[in-house]
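Here's the letter readout for the chains.
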Amino acid sequence: MLTCKEFLQELNDYLDDAVDIELRRHIEAHITECPNCFVILDTTKKTIQVYKGMQPQVLPDEVSSRLNRAVERMLTQKRNSTAPR
Amino acid sequence: MPATTEPGIFDESELVAKAREGDTAAYNQLVNKYSPKIYRLAKHITQHEEDAEDVLQETFLKAFEHLGDFQGQSKFYTWIVRIAVNESLMKLRKRKSDRTVPLDEPLDTGEDTVVREVAVWDENPEQKYSREELGQILDEAVQSLRPVFRTVFVLRDIEELSTEETAEALGISIPAVKSRLLRARLQLREKLTRFFKRKGDDVFAYL
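Each protein sequence line maps, in turn, to chains A and B. First residue of the first sequence: 1, per our numbering; consecutive thereafter. First residue of the second sequence: 1, per our numbering; consecutive thereafter.
Everything labelled a hint here was simulated from the structure, so no lab data went into it. Even glycine gets a Cβ: it sits at the ideal position worked out from N, Cα and C. Hints should not be assumed to be uniformly reliable.
Stated by the list, open to error - With beta-carbon atoms standing in for the labels, derived distance ranges:
#, chain 1, residue 1, chain 2, residue 2, range
1, A, Asp61, B, Lys199, 37 to 45 Å
2, B, His48, A, Asn80, 14 to 22 Å
3, B, Gln71, A, Ser81, 18 to 26 Å
4, B, Gly171, A, Arg66, 41 to 49 Å
5, A, Asp61, B, His48, 45 to 53 Å
6, A, Val58, B, Gln143, 18 to 26 Å
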């Protein structure tokens with residue numbers, strides 16, 4: 001039987017699907033008997049989901065064109081400095 | 001049989017090789033592919049729009065500069081993430097010149113994993129808030145994490161890098177990634193619980 005502390009230590013690997021069957025069984029046994037750990041597992045899972053569901057960041061047009069100009073400037077400089085004389 | 005490049009499929013190593021030889025168009029393709037992700041990452045770590053834009057430009061200028069050092073053993077994306085994270089942390093250090101934010105600051109031994117608030121959440125907590133409000137709640141929660149935790153959380157759970165890629169990008173060990181991620185997730189859970197918990201259910205936690 002896992003203690004709550006041991007459960008917390010394994011929580012991440014469990015959430016990331018990186019525990020073996022044996023440990024998975026112990027974790028699942030623990031959460032059926034420990035309502036607090038059940039809630040911690042559930043709300044941590046939701047925490048991750050809510051972040052994954054965030055709108056992807058769009059690159060504002062002006063940021064993008066300033067980036068392209070900066071890259072362009074650098075590439076031109078490189079070309080000029082390495083061009084055969 | 002050699003790997004076939006289907007039309008429209010992005011052959012990254014070839015683009016990198018061409019860019020290294022000075023092919024401008026190839027490098028621009030890499031820039032356009034990864035710039036939104038790098039910008040988002042920089043914004044999350046620096047929590048500052050101007051800094052994020054500086055980081056974005058620096059990352060792609062430095063990456064080109066050092067393209068010769070890129071060995072191709074790791075993915076190009078992981079490699080530029082590492083540059084972007086370093087640039088972002090430098091920005092943070094500059095802004096908080098009184099407080100240094102080393103990436104390898106010693107971690108205290110577990111007080112952060114203490115769980116203080118346990119409460120059931122609403123079924124669909126996101127729906128209690130408008131998209132803007134939700135975005136703000138999530139951003140502020142991430143912002144409140146210490147940089148050591150924030151960077152790991154951003155890379156693992158927002159940018160969805162693997163544990164190994166995160167370790168590589170940050171230059172830290174896999175166990176360090178795991179323990180920081182656990183603390184970050186638990187701290188965020190704690191913060192979000194204040195917004196998302198089901199009303200009238202607090203008692204449940206102390207049964």
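Against the structure, test the hints numbered earlier, and report the numbers of the ones violated in rising order. 2, 4, 5
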